[in-house]
Each structure stands twice: as C-alpha cells, then as structure tokens.
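Model the placement of chain S on the given structure of chain L, informed by the hints.
Chains as they are written, first to last, in the numbering used here: chain L, 1 to 418; chain S, 1001 to 1090.
These are calculated hints, taken from the structure and not from any lab test. Note that the structure is predicted; figures quoted are calculated from it, not measured. Some clues are possibly wrong.
Calculated pairs, DMTMM-like style, for lysine to aspartate or glutamate (alpha carbon to alpha carbon, straight line, at most 25 Å) [stated by the list, open to error]:
(1) L:K66 - S:D1047
(2) L:K291 - L:D162
(3) S:K1050 - L:D400
(4) L:K270 - L:E293
(5) L:K66 - L:D27
(6) L:K99 - L:E89
(7) S:K1050 - L:E224
(8) L:K66 - S:D1076
(9) L:K31 - L:D215
(10) L:K99 - L:D290
(11) S:K1083 - S:E1016
(12) L:K66 - S:D1072
(13) S:K1083 - S:D1072
(14) S:K1083 - S:E1029
(15) S:K1050 - L:D251
(16) L:K291 - L:E267
Listed here are the chains, written in short residue letters.
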Amino acid sequence: MAHLSKFSFLSLLRHGAGKTWSRQWRDAQPKAAYDVIIIGAGGHGLATAYYLAAEHGVRNVAVLDKGWLGGGNTGRNTTIIRSNYLRPESAALYEHALKLWEGLSQTLNYNVMYSPRGVLKLAHTHHEVQVEKRHVYANRLQGIDNQWLTPAEAAAFCPVLDVSDRARYPVLGAALQRRGGVARHDAVAWAYARAASAYGVDIIQNCAVTGVVRDVSGAVTGVETTRGPIGAARIGVAAAGHTSVVMAMADVRMPLESFPLQALVSEPVKPVLPCVVMSNNVHAYVSQSDKGELVIGGGTDVYTSYSQAGGLYVSCETLAATLEMFPTFRRLRMLRNWGGIVDTTPDRSPIVGTTPVPGLYVNCGWGTGGFKATPGSGHVFAATIARGEPHPLAAPFSLDRFATGRLIDEAAAAAVAH
Amino acid sequence: MLLIPCPWCGPRPENEFRYGGQAHRAGPEDPATVDDAAWGGYLYTRDNPKGRHAERWRHLHGCGRFFNCIRDTVTDRIAGTYKPGEAPPL
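Excised from the complex, chain S in its bound form:
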C-alpha cells in the first residue's frame, strides 16, 4: 500500500484516496475546430509512461480535496505531492 502525503493532511494510507488518472490535462481550446483524431485523443488517450508520472489523487476519506502527485510507475515511489495550481516538484 502506498503512503501518500496529502498536501493538507500529511501522510495517509492509500485506501483513504481515490486515484484520478493523469494530471494537468486540458481540453481543446475550441472543441468545434478539432478533428476526430484529436478529439478521440483527448477523450481516450492518457500518458502511460514507464517511470515518472504526474497524476491526480483525491483524499476521498479525508479532506476530500484533489491534489497532484509525482510517482515513479516502476518503483511506485512518490517524489512529492502538490496542490492544484502549484508547480510539480523536480
């Protein structure tokens, strides 16, 4: 089980959280102008790297707030978590 440092509540066990998938995704600026491939890419394609991954979590059974997290997908080691709007740690 991961020990996830919630930026508001501190380190808590993984099963207090809900995984939210890839972080920092932005929809197309003008959806009407993008073609099917780009729209499909936005809807269905996510980063799936072997290594450093920026992802969202929600402290569902705690403060209830969303935050972002940098985790290595090979070791599952968390490099750091940060609040929405903040820059990711190095």
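Here chain L stands alone, though its shape is the one from the complex:
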C-alpha cells in the first residue's frame, strides 16, 4: 500500500512522544471520471472499494456518499457478528465474511476490535428448541461452529442469565456460536477507508447522487451529483435503506422495503455480560461494549419510513423484553436511542450482483443484519464488479431470483435479530 504510515508499537511510541497523528484518509475532490463509482460510503461500499483496489487492481475508484463516511447504518447497528445461518447459500456467504473478520485487523493494519466472545441464541419454547437444534445440525453439516447448550451450560457460559423456571420466559436451552461476537463498527469503516484511500481510491463525502446517466444502449456512463457530473462505466450501488431511491434513477424497481430499526445503549457499567445474547421470542438482543454500555436492539418499526427515528414505544417494548431476560438490568438508565433505515427483501436475504442495466451493480437487502457481512459483502461485490459476473458465493443472491422463484428464505433468522 502506498502513502500509508503503518500502525505498530514503534509508531505508537513516536506519536505518544508528541508527533501529531496524520489524516487517516484523503478527503478527495471529485474527478471528471473513474473506472468504478461506488454509491454509499458505509462499511459495504468502502470494503468493496478496498477489495477492488487490493485484489483486482482497480484503483481508479470513487466512493460517493451524501453524508459522511460511515454515518448511516454502519454507525448505527449493534455490531453483532455471526455466521450460523440455516440455508447453505447464506451460511457460505456469512461464513466467508466471518473468516475475513478473523484476520481483518491484521489485513488492514487497523484494530477493528473483533471480539469473538460468543453469540448465545436462547430458546424459550419447545418449538424454538427444535428450530435452534435444526440450525445447529445444519451448521455442523456446513462445517460452521454452532453448538447446543442445556440451560445449565448456558448459565455457566453467561452467568447473568436467569435460567430458573421462575423466569417469565424460561430458558429451555441455547445455541452458541463461539466464533461469533462483536466488532467496533466505526473502526471498520475507518479501516477500510484508510486502506482504500492508500491505494488511491477517492472517498468523496457530502456528494449526493441525483441521477444515473445512461447512453442510448441503456448502459451507465456516470452519475449526476450535487457536486457535478462524474463519469464511470461501472457503478456499484451500496446505499442500504436508500437503494430503492438510487435504483429508481436508473429505472430499476427493487423488491425492497425500507424500515426504521432502532437501537439504544445504557450508561456504562462494569463487565456483567460476557457474550452476545439474542432471543427471537422475547424480541431483543443485547451485548456489552468495551466501554461498558449495554447495546440493545430489537425488531423494526412496523411501517416503511426514511425518518431514521421510529416510534419510542418500539424501543420501550425492546427494553421490556430485555428486562424479562435480565431483571438485574432494571435500574440502568439509557443514554442514547437512535434509528437506522434498513432495506428488507421478501425472503430476508441480500441482493448482490448484476442488474438489467449494463454496468450497474447492486449490493443491498441486508436488512437488519448487514454489519456482520461487511467484509464478505465487499469482497464478493468487488469481484462481481471487477469480473462483470457474480462471484460464486454471490450468485444465488441475484436480483432475478424474485422472477425465477429461487428464494433463499431466511425469514426465521431475521424475525428479530439478524
């Protein structure tokens, strides 16, 4: 990588001795044209640009964002990482991402604080026990770690969990993916931005795309933006909740609906929760950040919206659900509450690949669970754009599956936590 001062023990010592830190990436001005334009400077878009440059030698790339880098869902999610999906296509894609997570800090020379502390998914009903065990067995066939814990084993792994039969929702068992965990969401965006910028990728913030320009054959030739026209023969859309809006500029109707998804954090407390705990039945998931805050999420709001807010009663229901699982948290105060706009597909699986418009590629539909996929999503999307055909892991997630009927039904995985 060019123009990149490496982080190391020595560089920390030097900076600690008074040398000022330098900018981690260039705040670029738009050029007239690029080989590839990525729309959306979130984790997925920045990762795509990085892998285009690092693995495919495509370095004349711009990443455009209407706001600031990592200011959308990348900075608003609850940072949960796991790969224990039911369908082989999904498991392969998310496991691809998880394997990249494991070496990501080394690869990018930036500490993304990936912490494989385990993701514990509770079962409260006989039916949930059957469903979770089915997940465990399916994952074992796929070579993905996932194990079934009895209530006593779950309590040994997560002592704060109430597994007594007095609980409002008794814990009948839990599926545990030990390699699952959390990472620092902002650091992921910063790490990819820094590494991509060092390869010469232009990251252009406060540059909203207002139109997609096409030639007489229908192929894309560039975009109109609030900072003028920018040319490119290949455009990758990674705009999350705004994908429908961007794709409409190229006359493509997407099978997406955008919903607010809220999250909130408590005041910081000493370490109390050693892993991620999810419960689809009570409708909440919770982990503890390295700063000590409890990071809490639940289901989406019920109606489509771009408001990045959502109803307070939805967060209140999430808190009520969290307290059903952990009555000991009842006196914690909440510090912040926010919403992001998630793009959901009918089968709750992403769309990654080509579109009916030549030169236009799309990566969307990650819905409520895109953060965990960030490295894998960027990796396969970069390959798809570089080669002009879907990466083998992305191929099942084509846009045309909604015409062929080859859906990848992960609705059970996405009912709440994803």
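Chain S alone, transformed into the frame defined by chain L:
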C-alpha cells in the same frame, strides 16, 4: 408513535393498528398470461418511495376495519386517511 385518524373511529395511537403495506395494489387481470418477471414483480415488489406513500392500515384493536392512508415517509406526517373505494386526499 403515530396518531392515526381511523376514518370510522377518529385519531387513535399507532399501536391499535396493524400496517398493511402499499395500498391500491391490483393483481394481474389474467395471471396465466403474465410472464415470470411480471408475476414476480406483483408478488415481491412494492413501492418504496422517499416521500408520499399510499398505504393500508387496519384498526386491529378498534373497529377492525381496513382503510387507506397517505403518509410522508421522510417526516412520517399523515396527510389523510380514507375509506376503501374512496379517492386519496390531495
């Protein structure tokens, strides 16, 4: 929380209602004649506009009836609700 004016019961809080998705959808006149793309579009594609949206709601924990609603998806402000068969407000 939205305050939703049910055309029969008047303004009620959002959690009395169930969201019903895009309004005024009509299936293909002759399903046997449409191709896979059109049928897939009918099954899976919905309007997802940033702005004015016509949508259905049902007053589940009230009168139980369906109605239509015009809402701005950026501000979540409701321009009006109307009964099935009526024309949307301007």
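Evaluation of the provided hints:
{"no.": "1", "hint": "L:K66 - S:D1047", "result": "holds, 22 Å"}
{"no.": "2", "hint": "L:K291 - L:D162", "result": "holds, 24 Å"}
{"no.": "3", "hint": "S:K1050 - L:D400", "result": "holds, 24 Å"}
{"no.": "4", "hint": "L:K270 - L:E293", "result": "holds, 9 Å"}
{"no.": "5", "hint": "L:K66 - L:D27", "result": "holds, 14 Å"}
{"no.": "6", "hint": "L:K99 - L:E89", "result": "holds, 16 Å"}
{"no.": "7", "hint": "S:K1050 - L:E224", "result": "holds, 19 Å"}
{"no.": "8", "hint": "L:K66 - S:D1076", "result": "holds, 21 Å"}
{"no.": "9", "hint": "L:K31 - L:D215", "result": "holds, 20 Å"}
{"no.": "10", "hint": "L:K99 - L:D290", "result": "holds, 22 Å"}
{"no.": "11", "hint": "S:K1083 - S:E1016", "result": "holds, 17 Å"}
{"no.": "12", "hint": "L:K66 - S:D1072", "result": "holds, 21 Å"}
{"no.": "13", "hint": "S:K1083 - S:D1072", "result": "holds, 19 Å"}
{"no.": "14", "hint": "S:K1083 - S:E1029", "result": "holds, 24 Å"}
{"no.": "15", "hint": "S:K1050 - L:D251", "result": "holds, 15 Å"}
{"no.": "16", "hint": "L:K291 - L:E267", "result": "holds, 9 Å"}
Every hint from the earlier list agrees with this structure, and none is contradicted.
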